[in-house]
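Q: If you read the sequences in order, they're chains A and B.
Under this note's numbering, residues 1 to 349 are what the first sequence spells out, in order.
Under this note's numbering, residues 1001 to 1272 are what the second sequence spells out, in order.
Hint data in this document are derived by calculation from the structure and do not stem from the laboratory.
Don't take every hint at face value.
As the list claims (entries may be wrong) - Derived list of chain B stretches under chain A, where covered just means 3 residues or more per stretch with a C-beta under 8 Å from a C-beta of chain A:
{"#": "1", "segment": "1053 to 1067"}
{"#": "2", "segment": "1096 to 1105"}
{"#": "3", "segment": "1111 to 1118"}
{"#": "4", "segment": "1121 to 1129"}
{"#": "5", "segment": "1179 to 1192"}
Only a predicted model underlies this, so the values are computations on that prediction, with no experimental measurement involved.
We treat Cβ as the ideally placed atom computed from N, Cα and C, and that holds for glycine.
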Amino acid sequence: MDATTHTALAPLAGSGRPIRSRLVLTIAGFGTLAIVTCVVAPLLGSSSINLRRALDASIPFATNVDAQILFIARLPRVLAGALVGAALASAGVVFQALLRNPLATPFTLGVSAGASLGAMLVIILGGTLAVGPWSSVPAASLAGAGLAAAIVYALANGPRRVMSTTVLLLAGVTLNAFFSALIVFVQYLADFAEVARAARWLMGDLDVGGFRPILAALPLVAAAAAIFVRLPAALNLMGVDTDSASARGVDVVATQRWAFFSASLATSGAVALAGPIGFIGIVVPHLVRLLVGSDHRIVLPASALFGATFLVACDLLARTLLAPVEIPVGIVTAIIGGPFFLWLLVREG
Amino acid sequence: MSSSSSTYLVAHELSYAYPRRGKGAVVPAVSDVSLAVARGSFTGLLGPNGCGKTTLLKLMAGVLRPVSGSVTLEGRSLADMPRRAAARHMAVVPQDTHPAFDYTALEIVLMGRHPHLHPTQLEGPGDLAIAHQSLESTGTLHLAHRPFTSLSGGERQRVVIASALAQQPDVLLLDEPTASLDLGYQLEVAALLRRLSREHDVTMVMATHDLNLAASMCDTLALLRDGRLVRHGATAQVLTSDNVRRLYDVDADVQFHQSAGHLTVTPVRRVG
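Generate coordinates for the entire structure from the input sequences, incorporating the hints supplied.
A: Here is the structure:
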């Protein structure tokens, strides 16, 4: 079998080409797609807007309905979608590499369950937790996510020892179940209106209500991205074999810690902003791998860009499918992602 | 076992114990092992299951840190060398490789270049040329763009050896490289290793359960039992029925095989 057979199957993969040109091609391709999606998506919706009128500065903003729809209703939503999609998809790639398990998601290790419990407590028990740019519910969900990550980390980690991925997985799955039970318990104590609000949050929604929450989540995701950039080569080697990676000069323990920390950070920021939007973190990396192969140096940036595209597109469906009713985007991603996940299981099992 | 001028890789009184979770108790795996490996030699590590062969290899590769003792490479302590620097001299070939992702054979081989690159540096044409050379010398160039997981056991092991070669090491540490292979592939991989040892002057240290393979390839044998080194010397002197009994509690017939051109071991019965 020669090179062309496989490159024909995966037009962007072309592992015959040097990595540099593959990387440039991939980023250009997925980047263009992401930009086009983010430019087009705000223009579409249940009510059509006149772009010229929306951008006409001579009309006062207070009376310019087109501008209000574009800048208040749609643009924050698209930007939130891009940020959350990129964060969850790239966190998915990093968690999958860390756990050496392509079926892992950003929520496998309990970060989202912790975030959800935090959000539930504030929604149902009330109280204000607002910190800096964070309003109460995101602040509480961030605290919950941090708590969950800290518990899982402490369980799986010893001094100067390689993390046990088995313990990580078991701790994550158990914590997910335990926190879910607590969430149900808290909901049981609440009245119907609170439960409805809580359930709505748990579906995951990009209707974030302005630019401020996005700006609050941005530093977390940006910090995670700054760490992500340094990880892919080491993740590649650890994806082959952790001992071999170590024998080749990879500091496996340090890489695992940075990977766990950065992916948890990105996930926490995304969930605090938009709630636990499922399936992005697994669907996107897998689609990307089908297109570009398995090299994490390419999969990671491609997943971030395609995650942004995918979530913004899903949200466009959520806004328009049953217009004027807007469904939470988490329902759309789950309806697309659920069957896709099963297909993956069958295919890889 | 004085370290002569040709001595390359030396273990000095190495001890290691695996920590046990929770209880703080430890399981000794290697006790007080000293071993000098001469440049260009082919050393076999023999011993029963759990005798510490793999642990000793990991200690010599710097994957594990010894509890006491040290490893030196050309007189430099491994503990004082950055991992990447050590990895430019030593490569490890594990018994099995199960990647979690669908890398191509070429991608696996290119990862051997890792210790020669900065963490965020992409491999260039020079690295690609070395990868091609490594695939060629292991007879796997035609597999370059195939997914690693779609290859047969023998093809995989040759690709993993190619990946180790791409590291351009002076020493290959091999952990039962033929254990999961059928007879044909065993001979194929053995011939490849012998050729690499002779033509590329790569120093080899190989842990194995296959006494006949060791007899056919190794000029030096080190015998381990219960984490301790019990014999170390030239294959002809060390591979005796007495030593086989000492190691495995098995009576064996050790004879020189004319047409094979090396000692052969025929196990007869278990004793004790």
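Q: Hints numbered earlier in the text: which of these fail when held up against the supplied structure?
A: 5
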